[in-house]
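Chain residues, written in single-letter form:
There are 2 protein chains.
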Amino acid sequence: MFNHIINARKRLKGHANHTPVMTSGTLNKLVGADIYLKCENFQKMGAFKFRGAYNSISKLTNIEKSKGVITYSSGNHGQAVALVGKMLKVETTIIMPRNAPATKLAAAKGYGAIVIEYNPETQSREDIALKIQEEQSLTMIPPFDHTDVIAGQGTATLELFDQAGPLDMLLTPCGGGGLLSGCAIAAKGKNPDCKVIGVEPALADDACKSFKTRMLHTIKNPETIADGTRTTSLGKITFPLILENVDDMVSVSEKQIIQAVQFLFFRMKIVVEPSGALGLAALLNKKVVLRKKIGVILSGGNIDAETMRLILKS
Amino acid sequence: MFNHIINARKRLKGHANHTPVMTSGTLNKLVGADIYLKCENFQKMGAFKFRGAYNSISKLTNIEKSKGVITYSSGNHGQAVALVGKMLKVETTIIMPRNAPATKLAAAKGYGAIVIEYNPETQSREDIALKIQEEQSLTMIPPFDHTDVIAGQGTATLELFDQAGPLDMLLTPCGGGGLLSGCAIAAKGKNPDCKVIGVEPALADDACKSFKTRMLHTIKNPETIADGTRTTSLGKITFPLILENVDDMVSVSEKQIIQAVQFLFFRMKIVVEPSGALGLAALLNKKVVLRKKIGVILSGGNIDAETMRLILKS
Chain E
3 MFNHIINARK RLKGHANHTP VMTSGTLNKL VGADIYLKCE NFQKMGAFKF RGAYNSISKL
63 TNIEKSKGVI TYSSGNHGQA VALVGKMLKV ETTIIMPRNA PATKLAAAKG YGAIVIEYNP
123 ETQSREDIAL KIQEEQSLTM IPPFDHTDVI AGQGTATLEL FDQAGPLDML LTPCGGGGLL
183 SGCAIAAKGK NPDCKVIGVE PALADDACKS FKTRMLHTIK NPETIADGTR TTSLGKITFP
243 LILENVDDMV SVSEKQIIQA VQFLFFRMKI VVEPSGALGL AALLNKKVVL RKKIGVILSG
303 GNIDAETMRL ILKS
Chain Z
3 MFNHIINARK RLKGHANHTP VMTSGTLNKL VGADIYLKCE NFQKMGAFKF RGAYNSISKL
63 TNIEKSKGVI TYSSGNHGQA VALVGKMLKV ETTIIMPRNA PATKLAAAKG YGAIVIEYNP
123 ETQSREDIAL KIQEEQSLTM IPPFDHTDVI AGQGTATLEL FDQAGPLDML LTPCGGGGLL
183 SGCAIAAKGK NPDCKVIGVE PALADDACKS FKTRMLHTIK NPETIADGTR TTSLGKITFP
243 LILENVDDMV SVSEKQIIQA VQFLFFRMKI VVEPSGALGL AALLNKKVVL RKKIGVILSG
303 GNIDAETMRL ILKS
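Taken in sequence, the protein lines are chains E and Z. For the first sequence, my numbering assigns the number 3 to the initial residue and increments by one for each residue that follows. For the second sequence, my numbering assigns the number 3 to the initial residue and increments by one for each residue that follows.
A portion of the hints provided could be inaccurate.
Where chains are identical, the list cannot tell them apart; a pair therefore holds if satisfied intra-copy or between any two copies.
Result set (DSS-like, lysine-lysine): computed pairs, CA atoms no more than 27 Å apart in a straight line [as the list claims (entries may be wrong)]:
| # | residue 1 | residue 2 |
| --- | --- | --- |
| 1 | 15 | 31 |
| 2 | 214 | 15 |
| 3 | 222 | 211 |
| 4 | 133 | 192 |
| 5 | 31 | 111 |
| 6 | 294 | 69 |
| 7 | 315 | 111 |
| 8 | 12 | 257 |
| 9 | 295 | 67 |
| 10 | 31 | 91 |
| 11 | 69 | 197 |
| 12 | 315 | 257 |
| 13 | 15 | 211 |
| 14 | 88 | 31 |
| 15 | 88 | 214 |
| 16 | 238 | 315 |
Since the hints were derived computationally from the structure, they do not count as laboratory data.
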């Protein structure tokens, strides 16, 4: 699987942004370690999801590409698939809940995607997507439970090691586990001694529970501000990869997430969405036993005005 | 004066941040030119002002340093002087209006500065500063009208040319004209054919008027959101330098400033204060005749929560 990530990196070269790594003397003093922030908020379309989408879709055969791809996501993954489809001239179909923010529906359509709305009260997005996929012979690009998607996300950590030098700890947010499992494999491939920690909101700590009990836990519609981690559970592929490659899972409160976004805004002058600030929230609140050189994946920067205003008022 | 800037750069090396230059395909398409954003919002203490303060204070003799420095500024310059004083172990006295935001008073005190509050209704900050300066034999580090300050600010543009290659146009905000005059001299020194444009809020367009009439205009308490440009007028040193080295001055509306801050927030994922977004506002609103390779100084990122909430609501 580590080789899979190395190949993904070659595929992404010149297409994904080689995002910068930021450091801060103030932050290092505050935490008591050398912190390297991998700024995936500066990735194309504003989040790491571009990596997995590009890796998956660019790998398809010409016949598959000519038939098109489909996914279900109202969030960053949906936008990423739509953008990659536009770049590679592959038709994309995105299944979105009809109550998704108008800006997200418009953004996907702006990239040329066919958007199919469903009623989340009565319909399952996976069922609708599967039905359309079969009818139209489309290729499914799921949000996280897919080896090509996982390998793509892992490239963020490969880059980070090349930029920061050998890290001995890595923190990354965890929703469905695509980013976490890919990054854990990349980190262990680069330095088997690197401790990899997944971070979840306490309000959506299904992966923490799954990790600790080694049994898959699920959660329904968690009310966390970190909307990128509102997934029901880890996946069939990501869960075992996480059990094998991740050293620990920790959770942070809503207040801690908000304070981390504020720190990034006021001190670092960068815009990071709540899900993207989970790793930093864990560090700022002493949730882990520190090591010397710590990498943190800031996974994305797509935050709407209303949420940011709420955070700035807190 | 160009050599003065080159020397300032040597002095700043290893002390000021070598701030990154950001580009965006979306922005280039939108404007119709190649845009290079010099991110002084990532400078130490969040603004270019660190450059001028460091250059001025580090140049002092040991005797001058041992006596201390003084300035009057409730904004970024005051913070910059306080921080540099802390770094170089020089005692700093900052004259601030008693109605300055508590966070700014606290920040300066946090850097170890002696803060003297005055009543802006009845007292002049320059008079108070001059009186204390004489009584205590302090060295005055004024916010902009000082060749060492100007030379320090110019280093931002020297760096930008090295990072982006030869630019044929440069846009920079204008308050008292320290940044604009320093950057204009640096740009002309690097490429005499580079057009240099200063940008002001229309609500505080004293420098535009001064430039166009070649007579110094003043303005009192302009109500612009771009608080870094609320200076009364250009200075005795900056005004002639601007007449000699700047090609044009343009102004932008409050709405255009707000939209530029929003663009930087939502599209570029960076936090830029209203004054810092003036150059981009001019470009986004076709205020200048475009050239091919355009540099823009994003001068700072120090924005308070209330102002950002207002901008996100607009």
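Hints and how they fare:
In the homo-oligomer, the alpha carbons of residue 15 and residue 31 lie at most 27 Å apart only across protomers (22 Å), although the nearest pairing inside one protomer, at 35 Å, exceeds that limit. Taking the closest pair of Cα atoms, residue 214 and residue 15 never come within 27 Å of each other, the shortest separation being 37 Å inside a single copy and 49 Å across copies. When the C-alpha separation of residue 222 and residue 211 is checked against a cutoff of 27 Å, the pair qualifies only within one copy, where the shortest distance is 14 Å, while the shortest distance between copies is 62 Å. In the homo-oligomer, the alpha carbons of residue 133 and residue 192 never lie at most 27 Å apart, since the shortest distance is 41 Å inside one protomer and 62 Å across protomers.
In this homomeric assembly, residue 31 and residue 111 come within 27 Å of each other (Cα to Cα) only across copies, at 19 Å, whereas the closest approach inside a single copy is 45 Å. Neither within a single protomer nor between protomers do residue 294 and residue 69 lie at most 27 Å apart by alpha-carbon distance, with minima of 49 Å and 40 Å respectively. In this assembly of identical chains, the alpha carbons of residue 315 and residue 111 lie at most 27 Å apart only when taken from different copies (25 Å versus 32 Å within one copy). Taking the shortest alpha-carbon separations for residue 12 and residue 257, neither the intra-copy value of 39 Å nor the inter-copy value of 44 Å comes in at or below 27 Å.
In this assembly of identical chains, residue 295 and residue 67 lie within 27 Å of each other by CA distance neither inside one copy nor across copies; the values are 42 Å within and 37 Å between. In this homomeric assembly, residue 31 and residue 91 come within 27 Å of each other (Cα to Cα) only across copies, at 19 Å, whereas the closest approach inside a single copy is 48 Å. Taking the shortest Cα distances, residue 69 and residue 197 never come within 27 Å of each other, neither inside one copy (42 Å) nor across copies (50 Å). Taking the closest pair of Cα atoms, residue 315 and residue 257 come within 27 Å of each other both inside a single copy (12 Å) and across two copies (23 Å).
For the identical chains of this complex, residue 15 and residue 211 are neighbours neither inside a copy (36 Å) nor across copies (49 Å), given an alpha-carbon limit of 27 Å. Proximity of residue 88 to residue 31 under the C-alpha cut-off of 27 Å is restricted to the inter-copy arrangement: shortest distance 16 Å between copies versus 44 Å within a copy. When the C-alpha separation of residue 88 and residue 214 is checked against a cutoff of 27 Å, the pair qualifies neither within a copy, at 41 Å, nor between copies, at 47 Å. Taking the shortest Cα distances, residue 238 and residue 315 never come within 27 Å of each other, neither inside one copy (39 Å) nor across copies (42 Å).
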